[in-house]
Amino acid sequence: MRRSQPERGIGASLMAMVSPASSDSRPSQTRLPGTPGKPAGKPVRPRVVLAMEGVTKSYPNGKIALRGVDLVVPEGDFVFLVGPSGAGKSTILKLLIRDEMATKGVVLLDGRDLARLKRKDVPRIRRKIGIVFQDFKLLPHKSVRENVAFALEVTGAPRQSIGPVVDRVLRVVGLTGQADQLPGQLSGGEQQRTAIARALVHNPRLFIADEPTGNLDPLISWEIIQLLLRINELGVTVLMATHNAEVVTALRKRVVALEDGRVVRDQTEAAYHRED
Amino acid sequence: MIAFVAFSLRRAWQGLWHNRLMSVAATATMVLMLALLSGLIILLTGLDATLKYVEQEVQVVAYVKDSANPQDVNLLETALGQMPQVTEVSYVSKDQALKDFLSRHPDEAEVVNSLPTNPLPASLQINLRDPNDYLDVATYLRNQSPVDRVLNIKQTVDQMVTVIGVLRAVGIGVLVVVGLIVLFIIVNTIRLAVVSRADEIEIMRLVGASDAFIRWPFIFEGAMVGLFGALITIAVLWLGQGPITTVMADYFKVLPVEASATVGRDVALVVLGTGVGIGVLGSYLSIRSYLIR
Ligand SMILES: Nc1ncnc2c1ncn2[C@@H]1O[C@H](COP(=O)(O)OP(=O)(O)OP(=O)(O)O)[C@@H](O)[C@H]1O
Ligand SMILES: [Mg+2]
Numbered sequence: 254m255r256r257s258q259p260e261r262g263i264g265a266s267l268m269a270m271v272s273p274a275s276s277d278s279r280p281s282q283t284r285l286p287g288t289p290g291k292p293a294g295k296p297v298r299p300r301v302v303l304a305m306e307g308v309t310k311s312y313p314n315g316k317i318a319l320r321g322v323d324l325v326v327p328e329g330d331f332v333f334l335v336g337p338s339g340a341g342k343s344t345i346l347k348l349l350i351r352d353e354m355a356t357k358g359v360v361l362l363d364g365r366d367l368a369r370l371k372r373k374d375v376p377r378i379r380r381k382i383g384i385v386f387q388d389f390k391l392l393p394h395k396s397v398r399e400n401v402a403f404a405l406e407v408t409g410a411p412r413q414s415i416g417p418v419v420d421r422v423l424r425v426v427g428l429t430g431q432a433d434q435l436p437g438q439l440s441g442g443e444q445q446r447t448a449i450a451r452a453l454v455h456n457p458r459l460f461i462a463d464e465p466t467g468n469l470d471p472l473i474s475w476e477i478i479q480l481l482l483r484i485n486e487l488g489v490t491v492l493m494a495t496h497n498a499e500v501v502t503a504l505r506k507r508v509v510a511l512e513d514g515r516v517v518r519d520q521t522e523a524a525y526h527r528e529d
Numbered sequence: 008m009i010a011f012v013a014f015s016l017r018r019a020w021q022g023l024w025h026n027r028l029m030s031v032a033a034t035a036t037m038v039l040m041l042a043l044l045s046g047l048i049i050l051l052t053g054l055d056a057t058l059k060y061v062e063q064e065v066q067v068v069a070y071v072k073d074s075a076n077p078q079d080v081n082l083l084e085t086a087l088g089q090m091p092q093v094t095e096v097s098y099v100s101k102d103q104a105l106k107d108f109l110s111r112h113p114d115e116a117e118v119v120n121s122l123p124t125n126p127l128p129a130s131l132q133i134n135l136r137d138p139n140d141y142l143d144v145a146t147y148l149r150n151q152s153p154v155d156r157v158l159n160i161k162q163t164v165d166q167m168v169t170v171i172g173v174l175r176a177v178g179i180g181v182l183v184v185v186g187l188i189v190l191f192i193i194v195n196t197i198r199l200a201v202v203s204r205a206d207e208i209e210i211m212r213l214v215g216a217s218d219a220f221i222r223w224p225f226i227f228e229g230a231m232v233g234l235f236g237a238l239i240t241i242a243v244l245w246l247g248q249g250p251i252t253t254v255m256a257d258y259f260k261v262l263p264v265e266a267s268a269t270v271g272r273d274v275a276l277v278v279l280g281t282g283v284g285i286g287v288l289g290s291y292l293s294i295r296s297y298l299i300r
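Respectively, the protein sequence lines represent chains F and C. Just so it is clear: in the first sequence, position 104 is 357 by our numbering, and no numbers are missing. Just so it is clear: in the second sequence, position 291 is 298 by our numbering, and no numbers are missing.
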């Protein structure tokens with residue numbers, strides 16, 4: 254149910270990506286595609302996809318997971334969220350999908366205050382976010398195709414529209430050949446790519462990954478990171494919580510470091526050295 | 008909308024099939040409880056019919072003095088017929104009383120015939136609208152000159168009414184308890200189904216499924232358990248209706264024949280409504296905690 258302004262259909266962009274011409278071009282030289290409505294050359298200040306201001310989160314058991322977190326992420330950013338275990342990374346991600354609510358402070362997602370969101374509007378907001386986890390969260394009795402289609406079925410997508418979308422996202426993650434296999438018959442990397450495909454079906458503006466490579470060996474991890482980078486190049490904002498210092502340091506992206514519920518560092522083109 | 012219902016039904020069916028064993032167990036429990044429920048309904052219906060019959064049969068019997076003037080008796084009969092509490096008055100003459108007695112006790116014929124005179128009094132038999140009016144009418148009769156004495160059946164009627172009232176209250180109490188037990192079992196069955204699919208529910212929430220899409224498949228699942236349970240119960244009752252009717256007729260003697268058809272239909276409707284209702288309510292209660300956040 255897309256109904257906003259001339260939205261950058263990542264559908265179209267994803268199509269472009271799988272066509273030979275664009276997949277040949279090297280990412281670093283490619284302009285951000287998918288902004289058809291905006292005149293080229295004129296600099297446009299990027300919209301803010303998410304903003305947190307003075308966010309504190311204490312869980313019902315009294316545990317304070319976040320203490321006055323400020324975080325602004327403009328559209329198109331690729332942000333690593335790092336920090337020792339228990340620092341509050343997952344808590345931030347849970348606030349964004351409104352799985353949890355901030356105890357204090359404001360969380361804005363795409364300009365909307367999540368605290369003031371009506372319950373019935375929560376699902377629609379969640380469709381603007383694609384999310385993947387360390388444990389993939391695939392349904393074991395459904396094939397790759399069915400797992401991806403599930404996300405469309407349960408959000409009321411018209412039946413005949415499901416097939417084409419599924420084919421498209423499977424092409425993006427390179428799983429067309431494994432579409433009819435069950436998750437148990439896939440490698441960890443393929444399972445995570447299935448999860449990524451599922452997270453893409455609603456053309457999200459924001460892609461959230463909570464330790465997506467936590468269960469994968471280094472080589473496969475790089476594959477997944479490459480995939481996230483490609484998704485980011487299509488204009489999708491990516492927020493990734495990770496412990497993987499090697500990846501973070503190599504990519505020189507924006508790094509937000511948390512410690513004990515506080516943002517202790519927020520740098521662009523940064524490195525990350527684990528202390529824990 | 009149709010797509011949504013189709014989706015929900017499909018998933019409900021998948022859910023039932025996926026947890027076949029549990030679904031069968033839940034349905035069996037449902038059948039057991041619904042059978043108990045129908046048994047209670049039938050029993051209560053029988054008791055009700057008996058009570059109605061007895062209430063109908065409550066007659067005030069006033070024996071008329073042999074010496075009474077027939078005209079006075081006639082006047083009294085008319086007066087009684089005009090009382091609002093009275094539905095019917097009939098006069099039973101001495102001869103009629105003797106005939107009735109002999110037809111009931113043919114063995115006594117010799118003894119009775121050997122008597123010099125007819126010992127049985129004539130009587131007025133008065134049917135009442137409401138058995139509670141007995142005292143009014145009886146008091147009135149005792150003060151009338153042609154009346155010898157009024158048969159005291161008030162006590163018997165009172166006891167009967169009390170006993171049936173108690174039985175009815177107990178029956179309804181049992182019904183409520185049984186209903187709660189069924190609800191409890193269904194809630195737990197559906198909750199198990201919900202728990203066994205917690206992963207699916209979590210994924211549905213994450214990909215932005217609305218509450219309706221999460222809730223309705225389970226509601227349909229509960230409704231289906233209720234529906235199957237009800238249909239099986241009705242089938243069993245249908246097969247057993249012959250013996251049941253016989254037992255009812257034997258035991259209660261009074262169950263009106265034409266009532267059994269409506270009783271059957273009522274029981275079927277109640278069973279269906281209760282089954283589906285409890286299934287739906289149970290699912291609703293089970294899934295609630297997974298949605299409210
Ligand atoms: N549902 C919850 N109830 C109570 N406390 C919680 C809950 N979830 C998280 N916490 C606590 O909040 C703190 C932050 O947890 P969080 O999961 O955000 O950490 P994290 O940075 O993601 O850690 P990790 O790197 O191990 O995943 C921890 O101390 C954790 O124990
Ligand atoms: Mg975490």
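Calculated from the structure, these hints are not laboratory results. Ideal Cβ placement from N, Cα and C applies to all residues, glycine included. Watch out, some of these pointers could steer you wrong.
[Claimed, not checked] Partial selection, computed: residues in chain C whose CB lies under 7 Å from chain F:
no., residue
1, 210
2, 211
3, 213
4, 214
5, 215
6, 216
7, 217
8, 220
I'd like to know which numbered hints this structure contradicts. Please list them from smallest to largest. Of the numbered hints, all hold.
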